[in-house]
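The residues making up each chain are set out below.
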Amino acid sequence: MQTVKINDITPNDLPWTIEWSEDKCKMCGSCTAACTFGAIEAGVEGRGVTFSEGVAPNPQAAAKRAVPVIRQVADIKHRCTGCGMCEKVCPNRAIRPVRNEDNRWNFVNRSAGMPKRGGRSNLGVEDRTLDKIVVGRISQMTDPSLDALRHTFDMRAPFGRILPPEQLPLSVGPDGTLQMDKPLPTVNWIYPLVFSDMSIGALSTRCWEAISMATAYLNEECGIPIRMCSGEGGMPVSLLKSELLKYMILQIASGHFGWNRIIKAMPDMVADPAGIIIKIGQGAKPGDGGLLMAQKVAKHIQAIRGVPKSDLLSPPNHQGLYSIEESVQKMFLSLNAAFKFRVPVAIKTSATASSVSIYNNLLRDPYNIVGGYLIDGIQGGTGAANEISLDHTGHPVVSKVRDCYNAAVAQGRQGQIPLWAAGGIGLTGNAAADAFKVICLGANGVFVSKILLQLMGCVGNDRGRCNACNTGLCPAGLTTQEKKLVKRLDIDKAAQNIVDYVLAFDSEMKKMMAPIGNSSLPVGRSDALVSTDEAVANKLGIQYAC
Amino acid sequence: MCRIGAIKSKDFVHPSTALCLMQSQQKGHDNSGFAMVMQDLGGVFADYKDKPLMSYACTDAGVKIVEDFMREKGFSLAFHWSPKKNDATGLDIELMQHYHFENWDYPKLMANAPQAEKEELLTGIRLELRRVLEDAGDKIGFVYSFWPDVLTLKEIGNPKDIGTYFDLWNKNDKLMAKIITVQCRQNTNYDIVRYAAHPFFNQGYTVLANGENTFYVKNKECQKNLHRSYIGFESDSQCFLYTLHYVHRQLKWPLTYFKHVITPLPFDQIETRDDAQVLLSIRQSLPHLEINGPNTIIGVLPDGTMINTCDSKKLRPVVIGREGDTVALSSEVCGLNDIMPNRDASKDIYTNERETVIINNDLEVLRCKQ
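Residue numbers (full-length UniProt numbering), protein chains in the order written: chain P, 1 to 546; chain V, 1 to 370.
In short, the hints are calculated from the structure, not lab data. Beta carbons are placed, not taken as given, at the ideal position from N, Cα and C, and that holds for glycine. Any given hint could be a false lead.
[To be verified] Part of the chain V face toward chain P, derived, beta carbon under 8 Å:
{"id": "1", "residue": "D50"}
{"id": "2", "residue": "E212"}
{"id": "3", "residue": "C222"}
{"id": "4", "residue": "D338"}
[As the list claims (entries may be wrong)] Restricting the straight-line Cα-Cα distance to at most 30 Å, the calculated cross-link-like pairs of lysine-lysine (BS3-like) are:
{"id": "5", "chain 1": "P", "residue 1": "K132", "chain 2": "V", "residue 2": "K49"}
{"id": "6", "chain 1": "V", "residue 1": "K314", "chain 2": "P", "residue 2": "K511"}
{"id": "7", "chain 1": "V", "residue 1": "K314", "chain 2": "P", "residue 2": "K182"}
{"id": "8", "chain 1": "V", "residue 1": "K220", "chain 2": "P", "residue 2": "K539"}
{"id": "9", "chain 1": "V", "residue 1": "K118", "chain 2": "P", "residue 2": "K510"}
{"id": "10", "chain 1": "P", "residue 1": "K510", "chain 2": "V", "residue 2": "K220"}
{"id": "11", "chain 1": "V", "residue 1": "K313", "chain 2": "P", "residue 2": "K510"}
{"id": "12", "chain 1": "V", "residue 1": "K313", "chain 2": "P", "residue 2": "K511"}
{"id": "13", "chain 1": "V", "residue 1": "K347", "chain 2": "V", "residue 2": "K224"}
{"id": "14", "chain 1": "P", "residue 1": "K510", "chain 2": "V", "residue 2": "K64"}
[Said to hold, decoys possible] Distance ranges between label pairs, derived from CB positions:
{"id": "15", "chain 1": "V", "residue 1": "A116", "chain 2": "P", "residue 2": "P174", "range": "55 to 63 Å"}
{"id": "16", "chain 1": "P", "residue 1": "A410", "chain 2": "V", "residue 2": "A136", "range": "25 to 33 Å"}
{"id": "17", "chain 1": "V", "residue 1": "A345", "chain 2": "P", "residue 2": "D272", "range": "55 to 63 Å"}
{"id": "18", "chain 1": "V", "residue 1": "L91", "chain 2": "P", "residue 2": "P169", "range": "40 to 48 Å"}
{"id": "19", "chain 1": "P", "residue 1": "P174", "chain 2": "V", "residue 2": "L366", "range": "34 to 42 Å"}
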């Protein structure tokens, strides 16, 4: 007697099922070739066939025939991620993934006894705080709006430590003008949008190159002083020694990957980097380290990071650092000293209930060298974190930015440590609106990353589509080092998409600054915002309107 | 919108001139209030220039509170003056019971104290008295200024009627000053209270403005921590006073840098300047004192210097004219035409968007490009 297979996994247990139309399929094999996850395969099924011969219909049952089919592979490792590459390559639209609402994924996916990686925030995009805020103070008559197309706008945000006015080393010279008696901490005035930290190991070389190309193009051709953060893991030596380094913010995270190479390149650097970010934590997986899977550690990654092919773990904390007051300052001192105090050093943590405490500590920085505080909220992150971290840990960024800004206001220290926000900025595709609102609430600027991937062709979303960045099998060639897959990415097109988006972002920001009468960034102009949600209004200290 | 004006003269000027300056601009305001600050006083106050002059409006209960408070603090009354009041019917004015202008002698212990100490005392007394009056009840009394040689009058109502009530239309030698700043009010954007009317005065600095301060919340959040006297914020224009006071008195920066603080140059222009480092440091350290709305600002410094500057887009009008030993500033040129009919109008100055006009005590007019 044959064993009953009721305990086996079937496509119906998986989050996505494949809908395949035998009528339309011409069995060209494109879909199976395109599926990087091995979720579909060409197979053979035995079918009963009815046929007719002669001039009049005369159906007859024939013997069974073997029929070629495309079918879904029903196992966890090769599950369909819903990326839809099969549909994209099919000439006849004969195949597509369909979301399976009745799946048993949460019960079957822990089968290997390990937490699963890959996913997005489960907070969704429908219920965002930012979408409950609108710009309410529109200048009209006595206080005219500006013309977004004709007026000039100062679209720059500080990155670096800003001294309070009474500490400025200014004195009145003999000619009655102010003179500067000694140098100030370095402050770089950059565009309020920064391409956030995604490492050259996490992204494919082409993907990383596309972002850096877009960065250089925006700076040199469009006059937009945008900066890109390298992410942990360093960068090619040729770039470290290039003039273009001035557009890069280097990151040092707890794994210190790539820093050996950076330090060795220092004597040959012809330009200073735009800044340094010390990453303590990230919003997508707060309290958890970064992990670059071994399957993504290609040769060039091994070379840059100086480690062999293996899982590369950035620990969840900087080993040996025990308090903000002492340890981070020591790092700041050494990093500042390394670049002879010409490069601002900022710190990044995930948004947390203790963000305000951290910011308060930074504000008291006795060395005047904390160059910024980047808060990374729960809605950030790609698909390489543990699902459990993504889904169940973290803190939204909006209220934390507001709390930090208010804490600074209470001490009369607003603006002294620039406040940057990340995590979910542009989640719905409207990065300018999100940035504008966060800036009004007190941020100096925003970091974005996930949206860059999506501009370059990422098909993942926050409802569980694709999100296989950790597997090294990215079907769009973005988060993989597999040569065949990397070639799928059209590098010029990817860079072009980013440039176009930033140009639109720039126009949109001006379109939002104009009605409130601002020609410089509206940092702290919370009076310009209203909320349609009373709780949000109360929490953020803005007007409630209904 | 409000209409503002200012007169600076080598001779004593009567408030009726200021009222005339504003009268022809009456279509530009809504008759909701009038305020005036007179400095370098003559007339009945000429003999008391060194004694701090308190200007306040009170109910009976308020007067008692003020008197008790001042005596408790060791001050003694040196001179009291109230304007002659005209209780004609039909006047559009929200009257208080008493309008007092009183010179006080310093407490004995303070009589020979250094000037700076006296100034801090006077500021503290005004702030404390204001709080005491506010604690005592709603609208019991308002103390506007307490400073030597400075008189402040503020009232809600039709400026013309306010002039009538206080007998300001009749030129006499009792109330005279060499500097008069004046405003006829449009309802303020925030609470309609007497304190909301400008000119505002603090420690020898007077400022009034015609316009909207779109950065009011930013300015206020920053200023409230900068100095103990930066309180109230009943009007968005009040922020300009505190910024001028902070830049000039607290930071001790030259006057021309006030403009660099409120309307800094764009970054690309700063980069081309020889003093780029200084300008950039100011811009990045004081972004919360910037203004971004349309404004004309008139200020008076403790030494009597008068300044005028505008927003960086030059969205609000102002004109400066001169006749003989008098210079006057006005929102509209019709005001100047009324009080200076014989001036050479071709020499009128229309302050531009990057300019600070400074008028010194010799009535020399200096135009500083930002």
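A quick look at each hint next to the structure:
1. D50: Violated: closest Cβ of chain P sits about 29 Å from D50 (chain V), beyond 8 Å.
2. E212: E212 (chain V) check passes; min Cβ-Cβ to chain P is 4 Å, inside 8 Å.
3. C222: Where the cut-off is 8 Å and the nearest Cβ of chain P is about 7 Å from C222 (chain V), the hint holds.
4. D338: violated (25 Å)
5. P:K132 <-> V:K49: Not OK: K132 (chain P) and K49 (chain V) at ~58 Å, beyond 30 Å, violated.
6. V:K314 <-> P:K511: Distance of about 21 Å is within 30 Å: holds.
7. V:K314 <-> P:K182: Answer violated: K314 (chain V) to K182 (chain P) is near 35 Å, above 30 Å.
8. V:K220 <-> P:K539: Cα-Cα ~20 Å, so holds.
9. V:K118 <-> P:K510: Outside the cut-off at roughly 49 Å; violated.
10. P:K510 <-> V:K220: holds (25 Å)
11. V:K313 <-> P:K510: holds (16 Å)
12. V:K313 <-> P:K511: It holds: about 18 Å lies between the C-alpha atoms, which stays within 30 Å.
13. V:K347 <-> V:K224: violated (41 Å)
14. P:K510 <-> V:K64: violated (56 Å)
15. V:A116 <-> P:P174: 55 to 63 Å: Violated: the Cβ-Cβ distance is about 25 Å, outside 55 to 63 Å.
16. P:A410 <-> V:A136: 25 to 33 Å: holds (29 Å)
17. V:A345 <-> P:D272: 55 to 63 Å: holds (56 Å)
18. V:L91 <-> P:P169: 40 to 48 Å: violated (57 Å)
19. P:P174 <-> V:L366: 34 to 42 Å: The hinted range 34 to 42 Å is violated for P174 (chain P) and L366 (chain V), with Cβ atoms some 18 Å apart.
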